[in-house]
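If you want the building blocks of each chain, they are given just below.
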Amino acid sequence: MSNLLGPAEWAAIALSLKVSFWATLASLPFALWAAYLLARCNFFGKQILNAAVHLPLILPPVVTGYVLLLAFGAQTPLGQALAALGLGFAFHWTGAALAAAVMAFPLMVRAIRLSLEAVDPKLEDAARSLGAPPWAVFATLTLPLSLPGVLTGAILGFAKAMGEFGATITFVSNIPNQTRTIPSAIYTFLQQPDGEQGALILVAVSIFIAILALVLSEILARALSKRIGGRDA
Amino acid sequence: MLDLRLRHQIGAFSLDLNFQAARGITALFGRSGAGKTTVINAVAGLITPDDGYIRVGDMDLFDPARGINLAAHERQAGYIFQEARLFPHLSVAKNLRYGMRYRSARPAPNFADIVEMLGIGHLLQRRPAMLSGGEKQRVAIGRALLAAPRILLADEPLAALDEARKQEILPYFERLRDEMDIPILYVSHAPTEVTRLATEVITIEAGRIQAQGRPSKVFSDPHSLPAGSREAGAVIEATLTAHHADGVSELRNADVALFVPRLSGDLGQKLQLRIAAHEVILATQKPQDLSALNVIEGTIHSMRSGDGPAVLVAVDTKLGRILARVTRRSAHLLGLNEGRAVYAILKTLSVAREDIG
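Protein sequences appear in the order of chains A and B. Those letters in the first sequence? Residues 1 to 233, per our numbering, in order. Those letters in the second sequence? Residues 234 to 590, per our numbering, in order.
Hints were generated in silico from the structure; no laboratory data involved. Errors might be hidden in some of the hints.
In silico DMTMM-like pairs for lysine to aspartate or glutamate, Cα to Cα no more than 20 Å straight-line [to be verified]:
1. B:K551 to B:D488
2. B:K551 to B:E512
3. B:K551 to B:E530
4. A:K122 to B:E307
5. B:K551 to B:E571
6. B:K580 to B:E483
7. A:K122 to B:E316
8. B:K327 to A:E124
9. B:K327 to B:E349
10. B:K327 to A:D120
11. B:K580 to B:D549
12. A:K226 to A:D120
13. B:K519 to B:D549
14. B:K327 to A:D125
15. B:K450 to B:D549
So that you can see chain A by itself, here it is in the shape it has in the complex (with noise of 0.2 Å):
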């Protein structure tokens, strides 16, 4: 396989791997806040939020990614104070992360909700009696039992992140090594007269990671369901 894969789609591959990774790391904390705030709150503003939350999901990916281009570019305020921080995201790697990060976020936040959802409020009034805090109700039931579905909004999060192409390549642009994940390689294959075989060779890896990442959750979700509802201790 590697006298198929040339410097520049391993470099595609690696890319993408590593925004993926980083988008769904980094949002989840978010997406689980947003997700249980949706699911056990009541409070004024509930329903902005939660249009706020879909939003990434039924806008055109260009109008996300130009208006992430709008708020964090290197000329606007907010970019210029993040770049002071060393967080700069205009053209590069961490730019492809934010906008694959925005774009799951509906995903994972909606996976999330219903698994919190799920979780019996009765056992959470139980734990009260027993003395436990709201915060030790979270950590040490609610976040546990709702584990499967956290993972599945992880998974499709990474899924996601991992086609990004519209938002990336208009916050972003397709640069080499910094910018051009799988999809936007592909894209750059197509657009060139002998770009065919490269693009079907990334193809083929996207297909087999959808399907390594669909297995391994499928196997993680099954033993978690095995220990949370479990047989044996």
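Assemble chain B onto chain A, guided by the hints.
Chain B only, in chain A's frame:
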């Protein structure tokens, strides 16, 4: 000591009551929807009443006039639910220990003692999914006790269990009643359970207290029970005086004997016995040649009829007050009225063993 006053409105239902509960089991008795569970949920802090106060010993749990409303986890109120509510992802041992890390430095029961008392040592490594209903409830009791509560709340803890499992759990509540130095609020709509367990019973109807007192007193008063209640039955206190060779045990109170199916208790033991009102036959003359072993002389204290065909007759006997549930037709034909001398007839075999304790 629990001291509370509650006012709470949920839609058209209003709750307005106050009572005190000392150590021992105080049963909240009444039909479903009467507001029993609302009361203990208010004590647990799972709902916030509109007004009132809740105090356990020297600790204020709820007193809006003084701006006090402790969160559920700060109330040190152990709760035993109808469905054990064990945490499915934790082993029995971890379920039991769950509340221990939050109980700070309070004096607390010893883990090994509780496990021993409840007979759950062999279950410690199992997951809740592997336990029977009775085992789950025993673990739930242990889990609540190990959190070192200042009050114990039980919401129909036996209602989800079959008869055999109920008999398995009842003795543990008897031990809690006799050995724990905290008040236990016990919600139930089963007179049998209440008779056997309660030190004190409070009957609740439509959010108000209808009667309060010892079970033998409350359940013998036809006015403290809903008129149409099929569950009416008086509670008699008597001493176990003999086990006869033919399978019958003899109880006595004030020289009147009462024959019941063979019991396992020791002679001299004081027992409470519930006599279901619909098992009692009334006669105006002493019957002859009757197979029923218990024919008890008395006078009618009061009568109460509702809309149905039945009338609940309270008969004062030397054994204590007995309730009989007869048709209005019979009451009319026999000319029953207050002050009339009657004989209450009770088949030995119609006394259920679970009604004695």
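Do the hints match the structure? See the list:
For the hint pairing B:K551 with B:D488, the CA-to-CA distance comes to about 8 Å; that is within 20 Å, so the pair holds. Taking the CA atoms of B:K551 and B:E512, the gap is near 19 Å; set against the 20 Å cutoff, the hint holds. For a cut-off of 20 Å, the pair hint linking B:K551 to B:E530 stands: about 8 Å separates their Cα positions. Distance hint between A:K122 and B:E307 is fulfilled; the C-alpha atoms sit about 18 Å from each other, no more than 20 Å.
Distance restraint check for B:K551 and B:E571: the Cα-Cα separation of roughly 17 Å lies within the 20 Å cut-off, and the hinted pair is therefore satisfied. About 13 Å separates the Cα atoms of B:K580 and B:E483, which keeps this hinted pair within 20 Å; it holds. For a cut-off of 20 Å, the pair hint linking A:K122 to B:E316 stands: about 10 Å separates their Cα positions. Restraint check: the Cα-Cα separation between B:K327 and A:E124 comes to about 16 Å, which is no more than 20 Å; the hinted pair holds.
Proposed proximity of B:K327 and B:E349 is supported: the alpha carbons are some 16 Å apart, at most 20 Å. With a CA separation close to 19 Å, the supplied pair B:K327 and A:D120 stays within the 20 Å bound. Restraint check for B:K580 and B:D549: the C-alpha separation of about 18 Å stays at or below 20 Å, so the hint holds. A threshold of 20 Å between alpha carbons decides the hint, and for A:K226 with A:D120 the separation of about 18 Å falls inside it, so the pair holds.
For the hint pairing B:K519 with B:D549, the CA-to-CA distance comes to about 16 Å; that is within 20 Å, so the pair holds. Annotation: proposed proximity of B:K327 to A:D125 holds, straight-line Cα distance about 17 Å (limit 20 Å). For the suggested pair B:K450 and B:D549, the alpha carbons sit about 12 Å apart, so the restraint of at most 20 Å is met.
Of the numbered hints given earlier, the model fails none.
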